[in-house]
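Assemble the whole structure, with the sequences as input and the hints as a guide.
Protein chains: 2
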Amino acid sequence: MKTKAFQEYYTEDFSHCYGCGTNNEFGHQLKTYWDGEETVSHFTPTPEHTALPGYVYGGLIASVIDCHSTGSGAAALHRELDESDRKETYPRCVTASLKVDYLKPTPIGCNLELRGKIKELIGRKVVVDVTLFAEEEICAKGEVIVVQIPDNWNPK
Amino acid sequence: MKTKAFQEYYTEDFSHCYGCGTNNEFGHQLKTYWDGEETVSHFTPTPEHTALPGYVYGGLIASVIDCHSTGSGAAALHRELDESDRKETYPRCVTASLKVDYLKPTPIGCNLELRGKIKELIGRKVVVDVTLFAEEEICAKGEVIVVQIPDNWNPK
Numbered sequence: 000m001k002t003k004a005f006q007e008y009y010t011e012d013f014s015h016c017y018g019c020g021t022n023n024e025f026g027h028q029l030k031t032y033w034d035g036e037e038t039v040s041h042f043t044p045t046p047e048h049t050a051l052p053g054y055v056y057g058g059l060i061a062s063v064i065d066c067h068s069t070g071s072g073a074a075a076l077h078r079e080l081d082e083s084d085r086k087e088t089y090p091r092c093v094t095a096s097l098k099v100d101y102l103k104p105t106p107i108g109c110n111l112e113l114r115g116k117i118k119e120l121i122g123r124k125v126v127v128d129v130t131l132f133a134e135e136e137i138c139a140k141g142e143v144i145v146v147q148i149p150d151n152w153n154p155k
Numbered sequence: 000m001k002t003k004a005f006q007e008y009y010t011e012d013f014s015h016c017y018g019c020g021t022n023n024e025f026g027h028q029l030k031t032y033w034d035g036e037e038t039v040s041h042f043t044p045t046p047e048h049t050a051l052p053g054y055v056y057g058g059l060i061a062s063v064i065d066c067h068s069t070g071s072g073a074a075a076l077h078r079e080l081d082e083s084d085r086k087e088t089y090p091r092c093v094t095a096s097l098k099v100d101y102l103k104p105t106p107i108g109c110n111l112e113l114r115g116k117i118k119e120l121i122g123r124k125v126v127v128d129v130t131l132f133a134e135e136e137i138c139a140k141g142e143v144i145v146v147q148i149p150d151n152w153n154p155k
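Taken in order, these protein sequences are the chains called Z and R.
Here the first sequence is numbered in numbering that gives the first Met the number 0, starting from 0 and rising by one per residue.
Here the second sequence is numbered in numbering that gives the first Met the number 0, starting from 0 and rising by one per residue.
For the record, the hints were derived by calculation from the structure and aren't laboratory data.
The structure displayed is predicted, hence computed values, not measured ones.
For glycine and all other residues, C-beta sits at the position ideal for the given N, C-alpha and C.
Cβ-to-Cβ under 10 Å is the rule here; a few derived chain R residues that face chain Z:
1) Phe13
2) Cys19
3) Pro52
4) Leu59
5) Cys66
6) Leu102
Which chain Z residues stay away from chain R? Per the calculated CB distances, all over 12 Å, these:
7) Glu7
8) Glu37
9) Asp84
And the structure:
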């Protein structure tokens with residue numbers, strides 16, 4: 000049986016995100032999985048995602064680090080629950096804070112790997128450390144604070 | 000005479016960025032201007048830029064804050080030069096570090112305003128503070144460190 004990605008466990012209402020929503024036909028549809036205690040996503044930027052010729056623009060790198068982290072946070076929160084409280088769907092997180100250090104230019108045209116570690120999980124808040132690799136070199140690092148939204152979410 | 004945006008002063012080679020390149024037909028084509036001592040950009044996200052229904056995804060917010068800052072850095076560096084050293088084109092900056100605090104959900108469908116302040120300029124490095132407004136409310140804040148690339152830029 001094929002392993003489902005974290006984002007495939009979001010409810011229909013919460014599957015529209017441009018970065019990772021399975022229902023957003025225009026978006027990146029990032030998919031994240033457990034790999035032992037780490038979380039992993041892969042993404043291949045396309046030529047329009049250029050910054051300077053040959054390299055990926057910073058906004059895309061921030062976007063995939065962001066969605067990798069909200070997904071990792073959701074999966075970590077789901078895993079923490081007692082089995083009796085665990086639904087089939089995952090909770091949904093939003094980002095409180097995103098920090099990305101661009102360590103070297105990220106080449107375009109190759110498959111990027113994002114690896115996440117759950118640094119902290121307290122209540123509804125999860126801190127995720129992310130490393131982005133291109134051709135086995137570290138190009139960027141992220142630290143992202145995500146927060147589980149309430150079931151009756153209404154931001155107004 | 001119409002005021003040119005910072006991004007319209009980049010050389011042709013450096014005008015391909017998805018976030019702000021005037022030559023990227025698929026991208027956001029963000030445009031930034033001086034407004035006194037502040038820098039200002041406007042951008043209207045489209046429906047596919049959704050996070051949760053009704054709100055803008057975090058990756059887009061990070062992207063426009065990023066390109067607003069590289070543009071602001073370029074303009075600030077250009078302004079610092081002695082008149083005799085000042086070319087018609089602007090220098091080009093890349094991002095070393097991007098920090099975004101998402102203070103409240105950013106509604107989709109309205110025109111966003113980004114306002115930047117040059118916090119620090121030392122040598123080739125510029126630190127830009129950015130505030131993102133939607134309908135006059137602050138939705139996100141950014142602190143971005145950008146660095147001017149050398150004229151003979153070759154990251155390999």
